[in-house]
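> If you read the sequences in order, they're chains A and B.
Quick note: the first sequence uses this note's numbering, first residue 733, plus one each step.
Quick note: the second sequence uses this note's numbering, first residue 733, plus one each step.
FYI, nobody ran anything at the bench for these hints, they're computed from the structure.
Fair warning: this is a prediction, and the values are worked out from it, not measured in the lab.
Heads up, none of these hints are tricks.
Any copy, or any two copies together, can satisfy a pair, since identical chains are not distinguished.
Taking lysine to any residue and the SDA-like style, the derived pairs with C-alpha atoms no more than 25 Å apart in a straight line are:
(1) Lys739 with Leu806
(2) Lys777 with Gln1058
(3) Lys984 with Leu853
(4) Lys777 with Phe1056
(5) Lys777 with Gln787
(6) Lys984 with Thr823
(7) Lys777 with His1062
(8) Lys739 with Glu797
(9) Lys984 with Arg1019
(10) Lys777 with Pro1161
(11) Lys777 with Ser1051
2 protein chains.
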Amino acid sequence: VQQGEQKPFERVYDVSSGDPHRVGMPPLTFIRQVLAACLYPDLLKDDSLPVDVRQRARTLLDVCEGGSVGSYSLTYSGIPLIQKTIAEFITRRDGGVESKPENIIFSSGLERALSLVLHLLSGGEGQTRTGVLTPVPCPHTLPMQLDEAHLEQVSYQLLEEQGWALDLAELHRALRTTRGRCETRAIYISNPGNPTGHVQDRKTIEEVIRFAASESLVLLVEEVFQDSVLGQEKRFVSYRKVLLEMGEPYSKRVELVSLHSLCTAGMGECGLRGGYMEVINMDPAVREFINILPCSGSPPILPQLALGVMASPPSPGDSSYETFMQEVLHVERTLSHNARRACEFLNGLPRMSCVPAEAGIFLYPRLDLPLGITEQAQMLGVEPDVLFCQRFLEEEGVCVGPGCENGQDDDNFHIRSAKPTALICVLAPPAALEEVLTRLRSFHLRLLSSCC
Amino acid sequence: VQQGEQKPFERVYDVSSGDPHRVGMPPLTFIRQVLAACLYPDLLKDDSLPVDVRQRARTLLDVCEGGSVGSYSLTYSGIPLIQKTIAEFITRRDGGVESKPENIIFSSGLERALSLVLHLLSGGEGQTRTGVLTPVPCPHTLPMQLDEAHLEQVSYQLLEEQGWALDLAELHRALRTTRGRCETRAIYISNPGNPTGHVQDRKTIEEVIRFAASESLVLLVEEVFQDSVLGQEKRFVSYRKVLLEMGEPYSKRVELVSLHSLCTAGMGECGLRGGYMEVINMDPAVREFINILPCSGSPPILPQLALGVMASPPSPGDSSYETFMQEVLHVERTLSHNARRACEFLNGLPRMSCVPAEAGIFLYPRLDLPLGITEQAQMLGVEPDVLFCQRFLEEEGVCVGPGCENGQDDDNFHIRSAKPTALICVLAPPAALEEVLTRLRSFHLRLLSSCC
Ligand SMILES: Cc1ncc(COP(=O)(O)O)c(C=O)c1O
Ligand SMILES: Cc1ncc(COP(=O)(O)O)c(C=O)c1O
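One chain only, chain A, in its complex shape (with noise of 0.2 Å):
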């Protein structure tokens, strides 16, 4: 799109990444309140702020040294209280299987923390080089930081025809081609699924377990859609809840990082950037390494006190109650019709199905393009998806992710077989969604017809 140049559209809706703020979601009121107050402590002199609001904010000040949001926090680990209250909403959370406040780690995003931990996992060089057991299709994100931390990704296939299960056969299959390439040394799950919006169940869980212990391999395990599973039928189940549950041997032998973030469904808050990692059973001494690791750096303060709100919501009598869980109500309701809505709407366009999301806040349909839109994008050199997705932008204004990032070929990550797919994130508000709809309907027709 050139600068200043006239477009049939008055608005662009990006789509494409899983920031529901971009396209106008509201943030949760009691969270952006808390933060205000703590950066802002003259708010807390009146009583313009609900009161659980104002306790809050006291409370997380004390925890900051010298009672300011502007002091570094004493490790690179982050706050001890809120490393304790993270411990406490994952003990919660899973029933009573103790998380330990010393296991958690804060870092300025998810993905400094999985930067940090392929790092601590990369080495060696051809075939001694490290490599990563990854699903296809994956975070967008993935990838390159895999390559980015010089490891091997060592794809292996999610099933569509099943709702994008994973399958054990295949995690076997894909170990064996590593043979004289690799050594793999650990396996990325995204649980449920970004972006194939797939709710793993127990079983499955027990077997990758099991497979991991047989093979040695280090569990990282992203779960930050876990606030987010529509419907009824399936129900989140953390790696750590079971694994700690099986039982010795795996549960004191079995490595396991499991990811999460301020970029759930009900948060939102991707510009903050916030994220942690829990890790279990992980050496003491490289424990200890990341505490000193200073590449890593002390994470920063506000994204903490997110975290730890997060973790530890408003309760039934706080001022906040209310309203905080109107609030949350309204992102699970917007999200599951949206995702039902687009699923159906998707499924009703010629050339194009969807797997119907069990989880998260993306869609990943299959775009069954015509030949002629496939060799164009040959004779380009670029992915035919990547062209839908560009052409889309150029003609309608919206940006919706080419699924082929989410699932590059292992060995040259540029080139790839795989189907082609689209990225969208249909945590939006359903007037916005309606018009990304509206806009790839005329956009897809209009390019079936041009082709056929």
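Assemble chain B with the ligands onto chain A, guided by the hints.
Quick look at chain B with the ligands alone, frame taken from chain A:
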């Protein structure tokens, strides 16, 4: 210090790092008000906040995606309008020597930006490993950052007897030592000096630039204390101004990275973790690479907004101007009073001497420790100044930094020949500083009398 142990002091003072809020310096009201309003825009609905705060918050929210600080910024460099604000600030500061917005790169703290650049410089093994000329003393986090990026530290000694000035002959000497040891590709400069407080003059800067040009070194210049030159004798001159005013070939050829952070004396907003770098004459391919490097991720929004406010404070006539100027003046007065007072005090103690700081927030006194302590330290296998600091903390509840962390030896930074020093942050409320000094005197005199 054991948990629960009885101690002869009630409060612990930590003056070991440049973290003024920790020891009770208050934040600047304007910045906190603006950030609070950006987080919680309901504060814009009435007139409880000053009108210029509300205007500023609206302007800043306008440049956030979707009008929310909860959205990612679009690029890994940061928000374009804030890049522009920073570039204008630099241009103004440097008397019109133009800075380009696209050369500004934000990150979650200076440390992060530096770490990114160090990783880009890193390469080679053995004799071809990249080396970085590093001052001794240097910022205490630097040796670990170099080590973590697998860079060889090539130390050059600053001249204590000349107020910690940089000496060109010493640069040449240091570089000669690296023949057959590593390939030196950059020189790190801290100006005004952390921890020395020395302010470089234009002549020195020109010499260093010529040296960098002739030896093909990248200039890595940390200029955090540019806002805190004490007294009237010295003035801060930026490396970029001198470089660009020197004309060709220098102005077009020497690669320069200038680093700045929210943890200046005036702001003291360490916990927000906001920094930026300006890159000059950087290879376009490298610049492009930084823009897509996933390990950096998109920088958090609030620290960018804070940097924008730092670069564009209230102007005469704005409703917050008076308060803002009073607060800034208060910091400046406190700092210069404390720096003078502490320096005189330290020089009044036996076996202690201190170079007066021309800028910044640290004093870095030399400790002429008695043989008894040095031998005890040797027996315990620690540096003498580490032992000094440990015992001072245990006996008097004051945490100062062992100077050895600012000046490790290059070959093996666990062993060091230099004389013991201590690092003291003097940006603290005067009463707190007085308490620190009183405790330091009683500890130091007790130590001397027990040993001699
Ligand atoms: C692999 C990966 N990286 C990064 C993110 C974004 O998280 P954050 O903004 O906390 O870095 C996600 C979110 O799901 C992710 O799955
Ligand atoms: C080398 C170095 N690293 C880090 C810092 C701290 O800055 P920040 O908190 O922005 O990372 C400084 C500040 O002077 C520094 O000189």
